[in-house]
Amino acid sequence: MLVELGHFALILSLLVAITQGVLPLAGVLKSNALWQSTARPLALLQWSLVAFAFAVLEVAFLQSDFSVVYVSEHSNSLLPWPYKMAALWGGHEGSLLLWVFLLGVWSSAVAMFSKTLAQDMVARVLSVMGMISSGFLLFILTTSNPFLRLLPAASEGQDLNPLLQDPGLVIHPPMLYMGYVGMSVAFAFAIAALMAGRLDTVWARWSRPWTLVAWTFLTFGIGLGSWWAYYELGWGGWWFWDPVENASLMPWLVATALIHSLMVTEKRGSFKAWTVLLAIAAFSLSLLGTFLVRSGVLTSVHAFASDPARGIFILVFLALVVGSSLTLFAWRAPTVSLGSPMGLLSRETFLLANSVLLSTATLAVLLGTLYPLIIDALKLGKLSVGPPYFNVVFAPLMVPVIFMMVPGALARWRQAQWSQIKPFLILPFFAATIFSLGLSLWMGHQDAGILLGFWLGAWVAFASFQQIAWRAKQGLRMSGSFLGMQLAHLGLAVVVLGVTGVKNFEIERDVRMGVGDQVTLAQYHFKLIGVKEVRGPNYKALRAQVDVTKGESESVIKTLAPEKRYYLSSTMPMTEASIDSGFMQDLYVSLGDVLNGDTPQWSMRVYYKPFVPWLWAGVLLMVLGGLLASFDKRYRAPILSGDKEEGADQSLGRESSHNGDSLPVASTPLA
Amino acid sequence: MIQKKFLIPLVLFLVLVVFLGVGLRRDPKEIPSPLINTAAPDFELPTLKGEGNFSPKAYLGRVWLFNVWATWCVSCREEHPVLVAFAKREGVPIVGLSYKEIQPSDEDKGPMSLESKLSLARARSFEWLKKHGDPYQLSVLDLDGRVGINYGVYGVPETYLIDTKGFIRYKHIGPVTPEVLAQEVMPLVHELQKEASTNSWPNTSRNAELAPSTPQSFAPSYALK
Amino acid sequence: MKIADHFKTRWLAHTLRKSARALLGLGLIYFFMQSSSLWVHADEAKPLAEDPVVEARLVDIAQELRCLVCQNESLASSRADLADDLRREVRSLIKAGKSDDEIRSFLVSRYGDFVLYRPKIKPLTYGLWFGPFLVLILGLFFLYQHLKARAVTEQQTSALTAEERERLRAILKE
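Protein chains in written order, with our numbering: chain G, 45 to 715; chain B, -2 to 222; chain D, 19 to 192.
Do not take every clue at face value.
One side only, chain D facing chain B, incomplete, derived with CB under 8 Å [claimed, not checked]:
1. Val87
2. Asp103
3. Phe132
Straight line, CA to CA, 27 Å or less: simulated DSS-like cross-link-like pairs of lysine-lysine [said to hold, decoys possible]:
4. G:Lys517 x G:Lys571
5. G:Lys576 x D:Lys36
6. B:Lys26 x G:Lys426
7. G:Lys571 x D:Lys166
8. G:Lys466 x G:Lys517
9. B:Lys26 x G:Lys423
10. D:Lys64 x B:Lys106
11. G:Lys576 x B:Lys106
Hints in this document: simulated from the structure, not taken from any laboratory.
Ideal placement from N, C-alpha and C gives every residue a C-beta, glycine not left out.
Extracted from the complex, chain G is given alone in its bound form:
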């Protein structure tokens, strides 16, 4: 009964979403303030209905109601309850419900935190979001309904895929989807601005914090996915250039370009058409990702069960949304003003170069992901494009981006002076050189790639420390924007160092071990103490005990317990690797099959992975930076207190020292 109520709520929410998509916009066209004012309440109502449906489905999972098809396919009465809850987004139908739920979260947030935005703009923005919600709700109700009944009810569920029975499943999809869906806000703002013919700095200033928050979630979500794959799949990889991974990386790259481009539009009124295009592209790539993952068009370990009917629906939806946006863009963009001029060496130049490079990188990833499909569609054969391609093409494109992060943060708006930037490059340059040489010598070997990778990471890191220290010494206030920028840049630098370190210095050994045997990697000794059988809530497992010692010392620094689990519901055994994370490295052990022989022996995979923790630390730094930047006082004050004026004076041409972005500036403003 409750399930039917949930289903009904979902149908109602579709009707409300359609109204939300049409009525406020009609109100704008007809200058009817009443209709326009329905935008906020409709958005909130729509979300409440979806939230109710979501809650109903959660209850069905927690109660193990196997009369619901979706629950019976993805759950089991023995499943621990956190996984029962997370199983809601373990399959296609439920994950779409999560998508639409989070879209409601964002819409409601926009409805609630836009008190100072003109009503007709609010109406337009929420209308666009309502149209998107309608599309997804219609898709769910017609092709992917999680509320379908199974009669007679199954006595037991098929269980959640063991690979997903892990804390990673609980948090990775919601965070990632918050990012994907969040891009719809910047998109809606862009469309609203195009419709109104008002592409100005106010639009940019409204878009930026929303884009920053969405970017932060997306960063976190991608990082979590990487981390999850690393410890869950049992063989230490963390990025495979799989189509689904690429589908999350592309919006991230464009969103990064968008954030930087918005800076220019907000500050100088320039690049408006380009910024709008980036905003459209970011969300379009989110939608494209949805298509790629669920249509069966590409093979991927992450893909949901595919169905051509679903594929057609999403493709049509994608074509409509993006096609109409780009048509609107082609129509309106020529009318926007060009904004203020800029010198050849200026902050704008760096930010625009950043856009060009990141867009090219996105295109490279898109090309690599879709090339097999294009060649196959043209009946020219079947080929594969994998990590060798992406590594060769992507990394060189990122080198200039990372390099420019330092002078870019230093350059002044409109016209920067080389003499002003140069003093702040000397320390990072030499410090990075020493660091890079020293670290690679200490680690054991060096080549151009290693030296460059370490140098770039250190270059940005030292520059960030220096810029923060300089500001502190000057006694200048450090705004959320400034600190956020430095931390985010630092985070990326740490990731670069991590990638360089792990890819070039990791050691892997595949060995056969009996009780008492040991293997040595770097200075760490791994000794197998024993293997025993253990039982879990819905599995039984073999668990090995591996003691780790370091160097000459006899004391055990860590005991690792890798397992090989046999879930009751599945015939494939699952490897649960055991990892010891230190500051500089991970020690990673994976238990393999038992081997035939006189004495019991097991195949074990042992890894020494230096710098891996830096990958996750870097991501966390980027997330922290994004949060700090999103909640900069500039954005909070006008949004929360209703004070519009504070926003206005941060406009074109004023090079003020209390501007959190530029650095380190003398207090006298430019002429």
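Once you have looked at the hints, place chains B and D on chain G.
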């Protein structure tokens, strides 16, 4: 007021949509064979009935089907009645390739000798063919899958059509259906038989690029006694 | 005195020689025991593969090859049956002294280009390999053009301002 350059994103996007649309109809997991129109790789394998080894050279001068199957293969049960009916009706001989009949799970208790593998494979296959019908003139045993690899086998069932000169002319992936046999295989069979009788050489230069090195140079022949 | 010294020296030399020989002997024993894997690392785990050198090369090659029956996994990491078989083939080809290119041709002639994760550079893939590079060049070119155009406008406006300032000064002088 539409300037040309602002239309570029839209145009590029529409091109993309067209490709994605076409892509929906394609199967990304189906791998076409580069061996079409090349010589069928030679081999020597023991037969099911144990009457000595078989090599495809024995079938030169005939048009025949080479069907990859195994008793552990579920889809093979689907296509088997079709093959049985086909064998009865048409005069096209079918040779079976029993692919990796002995699976890793058979060796759970311990490694098996070649003799025991052969006898277990034969026993299982005979039982299966008795139950489901036997469309094969003969069946050869590819226990370790090497001949399968030489033929580009990546799944079971798969079916090859080989012509009178010993060239692979067609490959079907997955279970054969009556439609496939009627619409694709039989017309080609007739064409090949006509070709053979008029002594014209098949056009084999077309896909030379796809098969740069003759598989035969790497294929050891297994003379399993 | 001299004789005592002499004897001392001789004794010293003798002792030194004996010690040196003993040390050398011990050293040799140590060396031999180290090289036989039985002494210090009596319980050192053996590699899973029979021949680690061949295995290392196998992993290198297999990482860039696709497992044909998996959902996008490399031949190195896949656990599918066919992957096991193909790895066995590659291993025997390595042992037979074939080069990396020959091994790749072996697989491509049987399974097509699909099996390569690094697409061959041929006319069909020119767009793939050179596309991003071309786009970058184009992008940077347009960027440069755009910046130059904007900078010119800036000069023009300030030039006018300078002219106007001149006129103003002239007017003020009067």
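Holds or violated: B:Lys26 and G:Lys426, Cα atoms, limit 27 Å. holds, 9 Å
Does G:Lys571 lie within 27 Å of G:Lys517 when you go C-alpha to C-alpha? violated, 51 Å
Satisfaction of hint between D:Lys36 and G:Lys576, Cα-Cα up to 27 Å: Answer violated: G:Lys576 to D:Lys36 is near 54 Å, above 27 Å.
For the pair we were handed, D:Lys64 and B:Lys106, check the Cα-Cα distance against 27 Å. holds, 24 Å
Does D:Asp103 pass the interface check with chain B, least Cβ-Cβ distance below 8 Å? Holds, about 5 Å.
Please work out if G:Lys576 and B:Lys106 have their alpha carbons no farther apart than 27 Å. holds, 21 Å
Does G:Lys423 sit within 27 Å of B:Lys26, going by the straight-line distance between their CA atoms? holds, 14 Å
Using 8 Å as the Cβ threshold, decide whether D:Val87 counts as touching chain B. holds, 6 Å
Going straight from one Cα to the other, do G:Lys571 and D:Lys166 come out at no more than 27 Å? violated, 65 Å
Closer than 8 Å between Cβ atoms is the bar; does D:Phe132 clear it against chain B? Give me holds or violated. holds, 5 Å
Checking one constraint from the list: CA of G:Lys466 to CA of G:Lys517, max 27 Å. Satisfied? holds, 19 Å
Hint compliance for this structure: hints 4, 5 and 7 are broken, all remaining hints hold.
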